[in-house]
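Undergrad: Given the structure of chain A, go ahead and fit chain B onto it with the hints provided.
There are 2 protein chains.
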Amino acid sequence: MAAKDQVKALLFDVFGTVVDWRQSVIRELSAFGNARGLSVDWARFADEWRGLYQPAMEEVRAGRRAWTILDDLHRESLITLLERHGVKGLAAHEVEHLNRIWHRLDPWPDSVEGLIRLKRRYIIGTLSNGNTGLLVRMAKRALLPWDVILGAEAARAYKPMPECYQRNAALLNLEPQEVMLVAAHNDDLAAAQSVGYRTAFVLRPVEYGPGQTKDVAATRDWDVITDSFTGVADAMGCPRR
Amino acid sequence: MAAKDQVKALLFDVFGTVVDWRQSVIRELSAFGNARGLSVDWARFADEWRGLYQPAMEEVRAGRRAWTILDDLHRESLITLLERHGVKGLAAHEVEHLNRIWHRLDPWPDSVEGLIRLKRRYIIGTLSNGNTGLLVRMAKRALLPWDVILGAEAARAYKPMPECYQRNAALLNLEPQEVMLVAAHNDDLAAAQSVGYRTAFVLRPVEYGPGQTKDVAATRDWDVITDSFTGVADAMGCPRR
Chain A
1 MAAKDQVKAL
11 LFDVFGTVVD
21 WRQSVIRELS
31 AFGNARGLSV
41 DWARFADEWR
51 GLYQPAMEEV
61 RAGRRAWTIL
71 DDLHRESLIT
81 LLERHGVKGL
91 AAHEVEHLNR
101 IWHRLDPWPD
111 SVEGLIRLKR
121 RYIIGTLSNG
131 NTGLLVRMAK
141 RALLPWDVIL
151 GAEAARAYKP
161 MPECYQRNAA
171 LLNLEPQEVM
181 LVAAHNDDLA
191 AAQSVGYRTA
201 FVLRPVEYGP
211 GQTKDVAATR
221 DWDVITDSFT
231 GVADAMGCPR
241 R
Chain B
1 MAAKDQVKAL
11 LFDVFGTVVD
21 WRQSVIRELS
31 AFGNARGLSV
41 DWARFADEWR
51 GLYQPAMEEV
61 RAGRRAWTIL
71 DDLHRESLIT
81 LLERHGVKGL
91 AAHEVEHLNR
101 IWHRLDPWPD
111 SVEGLIRLKR
121 RYIIGTLSNG
131 NTGLLVRMAK
141 RALLPWDVIL
151 GAEAARAYKP
161 MPECYQRNAA
171 LLNLEPQEVM
181 LVAAHNDDLA
191 AAQSVGYRTA
201 FVLRPVEYGP
211 GQTKDVAATR
221 DWDVITDSFT
231 GVADAMGCPR
241 R
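Chains A and B, in that order, give the protein sequences. Counting from 1, position 82 in the first sequence corresponds to residue 82 in the working numbering; the numbering is continuous, with no gaps. Counting from 1, position 104 in the second sequence corresponds to residue 104 in the working numbering; the numbering is continuous, with no gaps.
No false leads were slipped in.
The list cannot tell twin chains apart, which means a pair is met if one copy fits it or any two copies do.
Each computed SDA-like pair below joins lysine to any residue, with the alpha-carbon atoms no more than 25 Å apart:
hint, residue 1, residue 2
1, 8, 97
2, 8, 92
3, 140, 53
4, 8, 91
5, 119, 141
6, 140, 230
7, 8, 95
8, 8, 100
9, 119, 3
10, 4, 97
11, 8, 103
12, 119, 97
13, 140, 113
Since the hints were made in silico from the structure, they are not lab data.
The following block holds chain A by itself, in its conformation from the complex:
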């Protein structure tokens, strides 16, 4: 029996794997800036916003800070960056509107079709550092047909802490080897594999923009290696119909 034959649920990294966060954030920030006549390098702003993501979570992971959801970490980073880029005088509801860009990210072109096929045979869900409310709103807007919203908030532990993978498998009454993580990030897959998860790498070669240097190939012999969610569906025996 192949390792993947035991799989009962596929859980997905979301930012970068399911949705194209970078182009979505740049698009919304640019629209906001154009409407207000602001002159800001929004691509750089988006990259800096994402750049503050790991250090913000690390405060929580390291125990220097009490549990804090990603919406709140994102908002703090946003306020820092608005000041750095000289954007002043926004109303609270405007800051909140910008922070919720992360609730309105667009999927990659193959995401929805692949998920629909996989859902027929497996439990499909998120396993994201995004908070539950963010992931629910994103799913409704982007028509992502999740069976369950899981991740850091359900586990009260950010990836790549082992507790995040372990607790989310337990929430499904599953052993780690019955769960496959689908991700575009080798480090996420390595952490999941170390607690017993099965693994699927999906190449997203422009997640970080045209000059991407990280995660441009699988760095290990993951159980599935492909470049689309329809490729995951093919590999997991979920036919087109």
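TA: Below, chain B without anything else, positioned relative to chain A:
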């Protein structure tokens, strides 16, 4: 503005409100018993199983017992009842199959249609004492189109503890008054209302069988009072199409 105009999410009690637990449990127990030539009053067995539900949860609510998911409470009650009814010698996998009857409950005839209509306009989710894995499997089998699986396990507190309602609203980034609980049980609605939730009562007059005496009418002036999920959809402004 009517109280219900603020609502962003509808969360649903599940056992009795969304699904007909009693007939589903009796049907599966009877099929199991007939296949093995067992002579047991399965309707009484089902009612006794449900009768052990509140006392089992109360041990956890009262803090006399550490957090325990409903599947585990159900299994303990099942083993007690198998012994009481003289059913002996079942294999572990047979006990587990019976315990998972609660993952395979059938919806009331109006449930799926009402949920599909409500989902177009609102976040819809569970707010059940059932554990996450149970609710996910029930939803896939019964085609319940939830946006999110919430409830006691997400909050680590059983209803009607106020923390259960409060923590689940917070998981959606919502204030309690932005959430409506839909339930066939007046006591569940009263607990939800006391923390600020909006409320919808759905009459399920045979949940407990033909001689039902409890919850045969709304006992307060809930925000919505109806006898079906399509009635909830009508009341909440979700048209047929």
